[in-house]
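Order-wise, the sequence lines are chains A and B.
Counted the way UniProt numbering counts, the first sequence spans residues 1 to 346.
Counted the way UniProt numbering counts, the second sequence spans residues 1 to 346.
Check the hints yourself; a few may be wrong.
Which copy? The list can't say, so a pair holds if one copy fits it or any two copies do.
Stated by the list, open to error - Keeping only pairs whose Cα atoms sit at most 25 Å apart, straight-line, the calculated DSS-like set for lysine-lysine is: (1) 93 / 11; (2) 216 / 266; (3) 153 / 292; (4) 156 / 11; (5) 309 / 98.
Calculated from the structure, these hints are not laboratory results.
These numbers were taken from a predicted model, which means no experiment stands behind them.
Number of protein chains: 2
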Amino acid sequence: MEVMNRFIAIKASIDGFPQESEFEIKTETLSLSIGVGTNQVLVKNLYVSIDPYQLNRMKSQSSSQSAINFASAIIPGEAIDTYGVGRVVESDKPDFEKGDLVVGLLTWGEYTIVKEGALLNKLDPMGLPLPHHVGTLGFSGLSAYGGFFEVCKPRKGETVFVSAASGSVGCLVGQYAKLFGCYVVGCAGTRKKVDLLKQELGFDDAFNYKEETDLKLALKRYFPDGIDIYFDNVGGEMLEAAVENMNTYGRVAVCGIISEYTNNGKRAAPNMLDVVYKRITIQGFLANDFMKLYPDFLSTMMENLRTGKMKALTDISYGLENVPSAFIGLFRGDNIGKKIVQIADE
Amino acid sequence: MEVMNRFIAIKASIDGFPQESEFEIKTETLSLSIGVGTNQVLVKNLYVSIDPYQLNRMKSQSSSQSAINFASAIIPGEAIDTYGVGRVVESDKPDFEKGDLVVGLLTWGEYTIVKEGALLNKLDPMGLPLPHHVGTLGFSGLSAYGGFFEVCKPRKGETVFVSAASGSVGCLVGQYAKLFGCYVVGCAGTRKKVDLLKQELGFDDAFNYKEETDLKLALKRYFPDGIDIYFDNVGGEMLEAAVENMNTYGRVAVCGIISEYTNNGKRAAPNMLDVVYKRITIQGFLANDFMKLYPDFLSTMMENLRTGKMKALTDISYGLENVPSAFIGLFRGDNIGKKIVQIADE
Numbered sequence: 001m002e003v004m005n006r007f008i009a010i011k012a013s014i015d016g017f018p019q020e021s022e023f024e025i026k027t028e029t030l031s032l033s034i035g036v037g038t039n040q041v042l043v044k045n046l047y048v049s050i051d052p053y054q055l056n057r058m059k060s061q062s063s064s065q066s067a068i069n070f071a072s073a074i075i076p077g078e079a080i081d082t083y084g085v086g087r088v089v090e091s092d093k094p095d096f097e098k099g100d101l102v103v104g105l106l107t108w109g110e111y112t113i114v115k116e117g118a119l120l121n122k123l124d125p126m127g128l129p130l131p132h133h134v135g136t137l138g139f140s141g142l143s144a145y146g147g148f149f150e151v152c153k154p155r156k157g158e159t160v161f162v163s164a165a166s167g168s169v170g171c172l173v174g175q176y177a178k179l180f181g182c183y184v185v186g187c188a189g190t191r192k193k194v195d196l197l198k199q200e201l202g203f204d205d206a207f208n209y210k211e212e213t214d215l216k217l218a219l220k221r222y223f224p225d226g227i228d229i230y231f232d233n234v235g236g237e238m239l240e241a242a243v244e245n246m247n248t249y250g251r252v253a254v255c256g257i258i259s260e261y262t263n264n265g266k267r268a269a270p271n272m273l274d275v276v277y278k279r280i281t282i283q284g285f286l287a288n289d290f291m292k293l294y295p296d297f298l299s300t301m302m303e304n305l306r307t308g309k310m311k312a313l314t315d316i317s318y319g320l321e322n323v324p325s326a327f328i329g330l331f332r333g334d335n336i337g338k339k340i341v342q343i344a345d346e
Numbered sequence: 001m002e003v004m005n006r007f008i009a010i011k012a013s014i015d016g017f018p019q020e021s022e023f024e025i026k027t028e029t030l031s032l033s034i035g036v037g038t039n040q041v042l043v044k045n046l047y048v049s050i051d052p053y054q055l056n057r058m059k060s061q062s063s064s065q066s067a068i069n070f071a072s073a074i075i076p077g078e079a080i081d082t083y084g085v086g087r088v089v090e091s092d093k094p095d096f097e098k099g100d101l102v103v104g105l106l107t108w109g110e111y112t113i114v115k116e117g118a119l120l121n122k123l124d125p126m127g128l129p130l131p132h133h134v135g136t137l138g139f140s141g142l143s144a145y146g147g148f149f150e151v152c153k154p155r156k157g158e159t160v161f162v163s164a165a166s167g168s169v170g171c172l173v174g175q176y177a178k179l180f181g182c183y184v185v186g187c188a189g190t191r192k193k194v195d196l197l198k199q200e201l202g203f204d205d206a207f208n209y210k211e212e213t214d215l216k217l218a219l220k221r222y223f224p225d226g227i228d229i230y231f232d233n234v235g236g237e238m239l240e241a242a243v244e245n246m247n248t249y250g251r252v253a254v255c256g257i258i259s260e261y262t263n264n265g266k267r268a269a270p271n272m273l274d275v276v277y278k279r280i281t282i283q284g285f286l287a288n289d290f291m292k293l294y295p296d297f298l299s300t301m302m303e304n305l306r307t308g309k310m311k312a313l314t315d316i317s318y319g320l321e322n323v324p325s326a327f328i329g330l331f332r333g334d335n336i337g338k339k340i341v342q343i344a345d346e
């Protein structure tokens with residue numbers, strides 16, 4: 001079987017702040033090799049995930065960012081893989097049938113041929129909206145769950161600071177921390193987001209970092225007794241300010257550093273004297289590290305969503321052509337919660 | 001009983017590279033209150049420890065170094081406490097008698113009145129030279145032992161990089177790592193130190209960082225398969241270069257950051273993208289954290305010294321008046337091994 005597929009690609013490596021002109025919509029004919037044991041599945045993409053880390057995969061190899069080699073590079077002109085929810089159009093793989101809902105590694109395109117070995121699971125939505133399964137119940141959720149419980153190692157009553165707190169991971173970390181019995185303050189970039197954190201998600205407090213002239217003083221104000229746990233999604237000056245305000249034996253979980261992805265030159269230089277004297281631990285992690293926790297995470301998260309103990313924030317744009325602007329918007333802070341593009345009707 | 005005591009003091013807070021003119025020798029009359037249950041001990045100082053971290057305690061409170069508040073400040077004009085070995089002159093404390101050798105918190109002076117509650121233990125030299133008990137068997141040794149085994153969590157066959165490797169802590173870390181079965185490379189600032197590391201202390205390799213124009217490339221050359229453990233004594237650019245060369249799940253133990261103590265403005269800005277993608281852990285620690293390990297450490301270290309499996313490096317100057325120059329020399333890299341000043345004949 002063949003389908004005409006439109007997909008998003010980058011024209012060339014992207015090393016600075018991404019521009020719409022650096023993306024293009026390409027067209028290809030996808031054909032599924034059936035009946036020869038290829039185990040391929042042709043999926044019509046419904047909802048695809050839009051994630052900041054993908055920018056790191058778009059950078060040139062000559063970039064000074066050595067770690068890029070650890071994330072598989074996105075090749076100009078080729079389809080860009082991403083987590084998402086879709087529906088099987090045709091399958092050569094046992095247990096997958098036409099019409100099945102699936103979740104796994106799809107593409108920023110209308111269709112994906114999921115090859116043997118690539119992540120793909122049948123999806124039972126369990127009564128929850130399909131977009132929830134793209135982020136909140138996917139890698140964003142797993143990052144929040146594993147990052148908070150495994151890396152931050154929280155104790156009840158500790159103080160927790162979350163940056164990009166209305167983002168896909170931050171909004172969940174704050175809610176986990178509250179449920180666990182911590183005191184939680186988040187920061188975000190608009191008044192609307194700050195109100196949301198306090199009024200909808202139960203954060204103890206929140207502030208708009210753009211209204212603060214001195215982040216170190218701001219954190220001293222919000223944490224007069226210091227920060228025990230900092231869940232870092234932004235890096236840069238916020239990381240420096242947090243380290244200065246950490247308590248003894250404080251833990252910094254580095255989930256992402258979105259402020260540094262666009263190579264604006266403001267790399268964090270946290271005070272290592274603080275790190276030594278306060279015995280601070282700064283630890284990076286990836287959601288992949290927590291795959292063994294996935295079943296626990298999924299049942300916990302499902303239960304929390306169903307009982308209303310936690311809320312999923314999803315921010316959905318519509319149409320393949322809007323993937324680049326949705327992606328670029330991440331770096332302007334346009335999104336509230338998990339950014340998703342709906343590619344086709346359910 | 002009274003003694004005339006000469007001691008070293010700072011004239012005012014020191015915020016930059018220390019100068020001899022910022023120190024002075026003061027004279028005071030020390031009197032011991034005896035027979036009233038004060039539990040005080042008057043000690044004649046024999047060997048006193050000279051440590052880089054003491055510079056942090058000399059800084060002004062207005063300094064931007066927030067962590068200074070965690071180390072008790074050194075007050076201008078007052079005696080400066082330090083670890084050392086001495087001999088009891090008079091004691092109001094049970095179990096301490098005139099003539100006893102002691103080790104504990106003394107001062108950069110000729111005599112110390114050790115007050116109730118301050119660290120002081122009777123010393124059995126066990127056949128080892130007294131200076132060994134100031135550093136190698138004291139806090140420098142404990143920093144190396146606890147920092148390497150508890151913070152770095154080594155596995156046999158891993159690659160270990162030690163900076164300031166001929167320093168009081170570094171020279172022991174490298175030897176522990178070799179004995180444990182790791183591949184160890186150290187860096188130092190002179191050809192003589194480099195030779196010592198390779199020829200005397202058994203490092204697999206060593207280099208003079210002053211001869212390298214690009215530390216990142218240098219580390220790539222010495223660790224073609226990457227660094228698993230970085231034991232950091234210097235901070236700054238070396239920390240940045242090490243993080244870039246770390247392997248997945250690498251560990252950085254931050255023991256000290258001597259390159260940043262003199263406020264030269266070169267604060268480390270390690271690439272947090274590396275920290276995230278390679279899941280690096282950066283952890284600060286103090287020797288105090290490992291007091292529960294002290295008995296294990298002491299018996300291990302004694303045994304290793306006696307059997308010749310490890311060597312103690314001590315660098316001794318003579319005379320109270322040479323304490324400031326010995327101290328300042330630490331920041332020029334003058335010392336090889338543990339810097340000690342002998343105040344009086346044994």
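Evaluation of the provided hints:
no. : hint      : in the structure
1   : 93 / 11   : neither (33 Å within a copy, 80 Å between copies)
2   : 216 / 266 : both (16 Å within a copy, 20 Å between copies)
3   : 153 / 292 : both (17 Å within a copy, 23 Å between copies)
4   : 156 / 11  : neither (49 Å within a copy, 46 Å between copies)
5   : 309 / 98  : neither (36 Å within a copy, 69 Å between copies)
In terms of the numbered hints stated before, the structure departs from hints 1, 4, 5, listed from lowest to highest.
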